[in-house]
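Chemist: Kindly produce the complete structure, drawing on both the sequences and the hints.
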Amino acid sequence: MKKSLKQAVLRGITLVLTAQAGYALAAPTEGVEYSIRWDGTSGLYRVYIRPVATPAAPDIPISAQVTIRVPHTELPNQFTIPTTGITAAHSEWAWPVTSKAYAPPESSSFDYFSFTASIPNSTSRDVGWQAGVEQEVFSFKNTGKCLGAISIINNETDPIIGGVSNLNAGNEFSHNSWAGDNDYLGNYGSPAEADCTASASANTAPNAVTDTISVVSGSSITVEALANDTDANNDTLTLQHVTDGDFGKVVIKNGKPVYTADAAYVGSDSFSYFVSDAKGGVTEGTVNVTVTSGSSATDTDGDGLSDTQEQTLGTNPALADTDGDGVPDKVEVGADLTKPVDTDADGKINALDTDDDGDGIPTKGEDQNLDADKNPATQATDTDGDGKPNYLDADDDGDGKLTKDEDNNTDGDGNPQTNPRDTDGDGVPDPIDASDSPTTSTNAVPKAVADSASVVAGGSVTIDALANDTDADGDTLSIDSVMEPTHGSVSLVSNKLIYTADSSYVGMDNFTYVVSDGKGGKNTAIISITITAQASGGDTDGDGLTDAQEQTLGTDPSKADTDGDSVPDAKEVGSELAKPIDTDGDGKINAVDKDDDNDGIFSLYENYKAAGVLNTDTDADGIPDYLDGDDDGDGVPTPQEGADANKDGNPSDAVDVDKNGLPDYLDKNFINTVVSTQVSVPTLSQWAQLVLTMLLGFLAFRRFSKKQ
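The sequence shown maps to residues -26 to -1, 1 to 682 in mature numbering (1 follows the signal peptide of the UniProt record, and there is no 0).
Certain hints may be false.
[Claimed, not checked] The calculated lysine-lysine pairs, modelled on DSS-like cross-linking and capped at a C-alpha distance of 25 Å, are:
(1) Lys496 / Lys227
(2) Lys496 / Lys421
(3) Lys313 / Lys421
(4) Lys496 / Lys568
(5) Lys115 / Lys227
(6) Lys568 / Lys545
(7) Lys230 / Lys74
(8) Lys322 / Lys362
(9) Lys493 / Lys375
(10) Lys496 / Lys322
Hints are computed from structural coordinates only; laboratory data are not their basis.
Modeler: Now the structure itself:
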């Protein structure tokens, strides 16, 4: 009889559990879904987010990440997403690529890119999410080869999630008004597939012309590889990839290949480069190199500078006039080789500058060439007779106005000599007319000053590039555009630049940005980046984890407390680096999780009576509150006791029903039995399941009673 009773009870329990399981698997009432689509008209991939429910006010998204995967192929045909090719759909938001994985061992047929949202701390973060209404969140461009279907990964099935590579990949969304730590539910729609056939037929690949250079053994030379390359579609060409020579190394700097010859070699060498038109067209080009002896007396081009001196200056030992402006390198460098002349102070010495005075007119065009030698430095043209030749004078006519500002630039070439302005109609163009009388005042262009920064390989640094830029008219300045660096990526957030260095590169990198005054005035400056190496034992932030370990974990090597919860990264990671601690099992390790126990209260705030986060243990169970889902040990989880009514992570608004000054979630003598507003009302089908459960239980009991 006991056996029969036990069987009946177990059967009833099974039915109840089955019904409860059915209830739990009902459609979610909170969260978002992702989708990606190809826009053939604009040539962009567009990413959308669709909520399944309208979030309660305040509408505050906390974090978001989207990870895509693309078919893998080797350079130069890899899928490529330039920083400037990513556009956020909402004002003040940004979606930079924060991690890349090319053919990881878990899924070697694909490359992975993760975009992480930079959400503004302003009203712009409220984008008006509505249930069932999708919103585009960002778009991006592929400047590599068209490769077919692109998809957002599935967190449940993609092998990259939880794989041995320990990559920061996966889809994530967290909203202030929803209870879950990750409100991402899944994807909708089909993969995005560009029409590669149409793309290939409409685009012609670039034409790469072979280049020839000469360099002294052990020295470096910058190659103008793209200068003679062409594109039938008039697309802008960029350098995508280079190979090393047999007797020298090649890197990309400022969009140009830099060849460094082996110190012990003299003879011939060559290397390949790949030029891209950013529309899928990629062509391989060749640079033939002659490596000469390093004798300090050798002057291959006979310009008065030895090859060794030219290598130091950056000029070409094989060309007497490196920049082709008609003035020999020796003349443009000046008498002091340690301080080569840079007339317009643009960071480019005259011997490498095709516009020495920065007035918009090429140096070789500022000479009347009365002596027919095509050299602006001999019998030089000096319009205003101030003793300074036009090619070195930013104000050719001496009227107090910069030559470059005396051009309406109606032809768009930036050269005041072509289609020039003639304000007073006297037949003399303004750039060389000292008595022109403009009818309107001119706007002074901003002054952009070069910046520099240092960052650990794989790390990021924020650069306030506008801090030292000025505007004579007092106009408000903003960053108009940024050039993609060679060894990292740049994102623009709140008018500041965030540079993220490639993890595998150590050395110098740089990029340019354009500053605008909002009134048509623009200027360009360069930012130089020093990327430093970190040995396996290096620990920049002194938190007990090496920088290499932090890069693997996804924490910040420059911050001892990455998530800002007052608990050092090393403490939160734990003793086993291969299995960093994730207390709440949400897929986000404690070191980067602001709410380690997922109780709705940020770990930083679980510090009472000034005991410190690590030492606060309300129920004295040996588990500090920031890791304890039931802080007062009363058997009711902290989130169910009204610990944070407005769900901003701060318990300052915690419920205290008995008004004893101790919030319910910390009061073990009071159990808050108020029904949570987050409990969903069962649907009709769910009520049916519950009624069926009770009916089956009743029948089981009747059957058991009859047998007895």
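Chemist: A separate judgement is required for each hint: does it hold in the structure or not?
Modeler: Evaluation of the provided hints:
Of the pairs offered as hints, the one joining Lys496 and Lys227 holds, with about 24 Å between alpha carbons and a cut-off of 25 Å not exceeded. Restraint check for Lys496 and Lys421: the C-alpha separation of about 9 Å stays at or below 25 Å, so the hint holds. Distance hint between Lys313 and Lys421 is fulfilled; the C-alpha atoms sit about 23 Å from each other, no more than 25 Å. A C-alpha spacing of about 41 Å is found between Lys496 and Lys568, which places the hinted pair above 25 Å, so the restraint is violated.
As the CA atoms of Lys115 and Lys227 are separated by approximately 23 Å, the hinted pair is consistent with the 25 Å bound. Note on Lys568 and Lys545: the hinted pairing holds, with a Cα-Cα distance of about 14 Å set against a maximum of 25 Å. Proposed proximity of Lys230 and Lys74 is supported: the alpha carbons are some 24 Å apart, at most 25 Å. Among the hinted pairs, Lys322 with Lys362 is consistent with the structure: their alpha-carbon atoms are about 20 Å apart, no more than 25 Å.
At most 25 Å may separate the alpha-carbon atoms for a hinted pair to count; Lys493 and Lys375 meet this at roughly 18 Å. Between Lys496 and Lys322, the direct Cα distance comes to roughly 19 Å. Compliance with the 25 Å bound is thereby established for this hinted pair.
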